[in-house]
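Hints given; two lone chains; assemble the complex.
As you go down the protein sequences, you meet chains A and B in turn. Residues in the first sequence are numbered consecutively from 1, following UniProt numbering. Residues in the second sequence are numbered consecutively from 1, following UniProt numbering.
Just so you know, these hints were derived from the structure itself, not from any lab. Wrong hints could be hidden among the right ones.
As the list claims (entries may be wrong) - Far from chain B, by Cβ distances over 10 Å, these chain A residues were calculated:
1) Val-79
2) Asn-89
3) Tyr-102
4) Leu-122
5) Pro-129
6) Glu-154
7) Val-239
Unchecked claim - One side only, chain A facing chain B, incomplete, derived with CB under 8 Å:
8) Leu-15
9) Leu-23
10) Ala-26
11) Ala-30
12) Leu-34
13) Arg-39
14) Gly-69
15) Asp-138
16) Arg-140
17) Pro-142
18) Phe-143
19) Ala-144
20) Arg-182
21) Asp-209
Remember, predicted model here, so these are calculated numbers, not experimental data. Using N, Cα and C, we set each Cβ at its ideal position, and we do this for glycine too.
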Amino acid sequence: MPFREGPLGDLKVPLTWTAAVALIVAVVIAVAFLLADRRETLQQQAYGVTRQTVDTVAKPVSGVIAAPGRWTGVGVGAVRNYFFAGSENARLKAELQEMRAYRDKYLALVDENDRYKSLLGLKTDPPIPMAAARVVADSRGPFANTRLADAGKEKGVVVGNPVMNERGLVGRVVGVAPGASRVLLLTDIASRTPVMIDRTNARAILTGDGGPNPKLDYLRGADPIQAGDRVVTSGDGGVVPRGLPVGAAVKGLDGRWRVVLFADSASIDYVRILLFKDFAQLADQQALAAKVLPPVITENPQDSMLGPAKPATPAPAAGASATTPAGTVAPKPTTAGAVAPTVAKPPAARPAAPKPTTTTTPPAAAPARTPQ
Amino acid sequence: MTGARPLNPGRWLGVPMLFVVLATLAFAAPIRMWGLQLPEPVFAMVPAFAWAVIRPSILAPFALLLLGLFLDTFWGGPTGLWGLSLLVAYASVLAGRNMLTGQSRPMMWAWYAGACAITMAAGFLFTMMDSLAMPSLVAVFWQFLVTALLFPFAHRLIDRFEDADVRFR
Numbered sequence: 001m002p003f004r005e006g007p008l009g010d011l012k013v014p015l016t017w018t019a020a021v022a023l024i025v026a027v028v029i030a031v032a033f034l035l036a037d038r039r040e041t042l043q044q045q046a047y048g049v050t051r052q053t054v055d056t057v058a059k060p061v062s063g064v065i066a067a068p069g070r071w072t073g074v075g076v077g078a079v080r081n082y083f084f085a086g087s088e089n090a091r092l093k094a095e096l097q098e099m100r101a102y103r104d105k106y107l108a109l110v111d112e113n114d115r116y117k118s119l120l121g122l123k124t125d126p127p128i129p130m131a132a133a134r135v136v137a138d139s140r141g142p143f144a145n146t147r148l149a150d151a152g153k154e155k156g157v158v159v160g161n162p163v164m165n166e167r168g169l170v171g172r173v174v175g176v177a178p179g180a181s182r183v184l185l186l187t188d189i190a191s192r193t194p195v196m197i198d199r200t201n202a203r204a205i206l207t208g209d210g211g212p213n214p215k216l217d218y219l220r221g222a223d224p225i226q227a228g229d230r231v232v233t234s235g236d237g238g239v240v241p242r243g244l245p246v247g248a249a250v251k252g253l254d255g256r257w258r259v260v261l262f263a264d265s266a267s268i269d270y271v272r273i274l275l276f277k278d279f280a281q282l283a284d285q286q287a288l289a290a291k292v293l294p295p296v297i298t299e300n301p302q303d304s305m306l307g308p309a310k311p312a313t314p315a316p317a318a319g320a321s322a323t324t325p326a327g328t329v330a331p332k333p334t335t336a337g338a339v340a341p342t343v344a345k346p347p348a349a350r351p352a353a354p355k356p357t358t359t360t361t362p363p364a365a366a367p368a369r370t371p372q
Numbered sequence: 001m002t003g004a005r006p007l008n009p010g011r012w013l014g015v016p017m018l019f020v021v022l023a024t025l026a027f028a029a030p031i032r033m034w035g036l037q038l039p040e041p042v043f044a045m046v047p048a049f050a051w052a053v054i055r056p057s058i059l060a061p062f063a064l065l066l067l068g069l070f071l072d073t074f075w076g077g078p079t080g081l082w083g084l085s086l087l088v089a090y091a092s093v094l095a096g097r098n099m100l101t102g103q104s105r106p107m108m109w110a111w112y113a114g115a116c117a118i119t120m121a122a123g124f125l126f127t128m129m130d131s132l133a134m135p136s137l138v139a140v141f142w143q144f145l146v147t148a149l150l151f152p153f154a155h156r157l158i159d160r161f162e163d164a165d166v167r168f169r
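Just chain B, with the same shape it has in the complex (with noise of 0.2 Å):
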């Protein structure tokens, strides 16, 4: 009966959230170079993408919000903007599984696209609602495709625990 064994949470959930906090913090760096600034992608979509494909879980949204918070309060915005649009997307996803699974590279990554497209539109509401100020829209595009290159990782991550408790595939 390995196969209904429960992953084991400082594996999927652990581990990606170091990583997503160690890449924040190296992408924050104050290089320019030829005045072109280092990207700034948002790097907590992965887990919110492959958290919500890979399993129902009562722990990734709690671990998701503390990524939020750490996004917040070390980019500086506004306390829980990141989580609650994280959430948000993570919540569509999770509604969508059932349609996700089984899908080619490509699909994914279309689903993928979706899902940091409702994160960004998400944080735009958040932003317009606490500012009461519309953020650049070019700003907010650029951000988003960053983001959106990221796939790569949410499929090594999919690929990695999809298949590691059978009862949810």
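Pulled out of the complex, with its shape left as it was, chain A reads as follows (with noise of 0.2 Å):
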């Protein structure tokens, strides 16, 4: 039977009321998908399948678009080349000679360096391999600044690979799908970076906020940073390697340090993604991950690694009560006279336990030993 000949067939819902729960549902969705997201995370778990296939698909259809831009590119700089060769010629002439000097300088430098090396038995990272790739889609907003590079796991790109210019840092991949990976800018509102002053050392964190300078945080030290103060990456925490050159520090219209990315002053087109794993970590963590690890330690007493809470032993010995202070978990003593072999030989499966007092220990100072 069809429905307008049933018993409902007569029943008008108003279409505004309608239109209004449809709302209601489509905002729920959205605040559910909201909810669930974890980009921030930045792992490759949160890259879910469907970002992969839009960013395999957009890969060629962005590619094709930003063509004629590319070519456009190459068209006026082949024009502005003819055009300026002379002035261009006369610059790079004087640029040769400055640089002269500066390749004697690091000659020099190259060797004290090796003659060092060598004497203190040092052992200096490998050399860390790069794919190029090139940038076919780029979104600048304030609440998203990620690139799509044309490279992706066919390449032996992996989440967290740092990119650059030729210029300095770019940001870093969060995401990888075949041909194709997501590159989050460091101006992005979710990107942070370890970096320091090149000139103190001093640390910071770079801190985007979707606009084009991003943030200097957690700067320490007294008088750290002047403007104009070259900024590399520290390689703390093994998220990128040290030294990489990022921008140069500047006081922002607020008050705060900033940095104008060095990286901004080239051409976006091309990026290197440096397949950098960080070497300081584990070599085989996987058999580190196979041994048997010591049991979980519970807040339970009974369970506790410091033994089971066994209750105040009648009648203790007056140097019993002094050695030990009341409430405390550590293993004790039934008796006085155990006292002594005890604390000579504590028990060998709770390596933890806070050793007992061999001497009278005045109770005022005796709660600094407890365990918490």
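What follows is the structure in structure tokens.
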């Protein structure tokens, strides 16, 4: 029987109310998506299949759309080179003359550095392999600053790899798909990068806020920074290698120290993805994970690493009460006469237990030794 | 009774959605000339305003949600951020629809700018709650400005479909 011929056929629901219900349902779905999002964790698991699929599809489409702009840039560059070849030549000659002095100094320093390394027996990090990629899409809004690069899993790119252009650090990879990878820029609001001031070695965290100049948070030390100071990566935490150029420090209009990114002064269409691994990490993490770990210590005093909590021994000797303060859960001998041997040989199965006091301790000082 | 004929969803919802997706793709091109990049307007704001003015609809909120999810995945932002922000603006315009209809073009532009401001404020708040950090107000303002300039497209969409179904005039 058709619906209209049934008893509910004459039921008419106002469209405004149905539209309002639809709107509420859509809002609830959007809220659920937002609450379930784990983008800020910057992990591969948080970068779901949907995003990977969109990236894979968007790469060729955006590549085609970006092509005219790229060709125009190449054409404009060629025309500029033709007309400004003379002045460019003069500038390059002056720069070459200046660089000759730097080259001699560089060679001397490399030689000196090599000798120091051999004297100290220093093991330096191996060179970092790179994958070149072309940027096909670029988002620049206040809530997301990312780029889509056309190199993905097939080139060995993994989440966390730092991304640079010829001038400096651009960001890091937050999602990898076949043929494409998503790069979170230093300016994104979710970006946090450990950096240091090259002149003073003062550490800071470079924090993006959606604007062109990320902030320097958690600057430490007295007078650690001046306008124009060079900011480089510190390598702390093993996120990015140490010493990558980031930018120059400037004082923002809000009074906070910010960074003018070196990468902004270069073209944005080509980047290098550093296939970087933290060389300080353990060589064989799987073997480590396979080892039997000690049992989990719970808050239950019966399962405590300090042993079962026993009720106070009836009528303890005066010496015993002086050695172990009331209220401690440390293992204690049941008799005063057993104190000395127990102290000499603590139980091997409980290495973390505090040493029982061997001398008479004033009661006032005893709580400091009591494990919490 | 041609006036009571319902709108074809493919025409008033599908085609604008397609244009929004194409425009978003085009403006995401990595182009920089003389140190300046392309602006990044929120093209989805055009249908979010126009659809609410044209008529109440069951499909329009879900179409907006889809557009928002596309923006989030394509721009690499938190999933649900733009969907929720656009729906907040859509709901605001829908609630004030009786006030908006029949007003002059400059006034409608002002209302559209207000809807853009609501969207950006919602995005600002949701981002703050999601990332536990405050986005740059200057960057938010620039995106608001370039989005508010898109009103002629919204006006054209409203003009095209406002009288298509006389039940909602």
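These are the hints, each one checked on the structure:
no.: 1; hint: Val-79; result: holds, 13 Å
no.: 2; hint: Asn-89; result: holds, 23 Å
no.: 3; hint: Tyr-102; result: holds, 27 Å
no.: 4; hint: Leu-122; result: holds, 39 Å
no.: 5; hint: Pro-129; result: holds, 24 Å
no.: 6; hint: Glu-154; result: holds, 21 Å
no.: 7; hint: Val-239; result: holds, 18 Å
no.: 8; hint: Leu-15; result: holds, 6 Å
no.: 9; hint: Leu-23; result: holds, 4 Å
no.: 10; hint: Ala-26; result: holds, 4 Å
no.: 11; hint: Ala-30; result: holds, 4 Å
no.: 12; hint: Leu-34; result: holds, 3 Å
no.: 13; hint: Arg-39; result: holds, 5 Å
no.: 14; hint: Gly-69; result: holds, 4 Å
no.: 15; hint: Asp-138; result: holds, 4 Å
no.: 16; hint: Arg-140; result: holds, 5 Å
no.: 17; hint: Pro-142; result: holds, 4 Å
no.: 18; hint: Phe-143; result: holds, 5 Å
no.: 19; hint: Ala-144; result: holds, 3 Å
no.: 20; hint: Arg-182; result: holds, 5 Å
no.: 21; hint: Asp-209; result: holds, 4 Å
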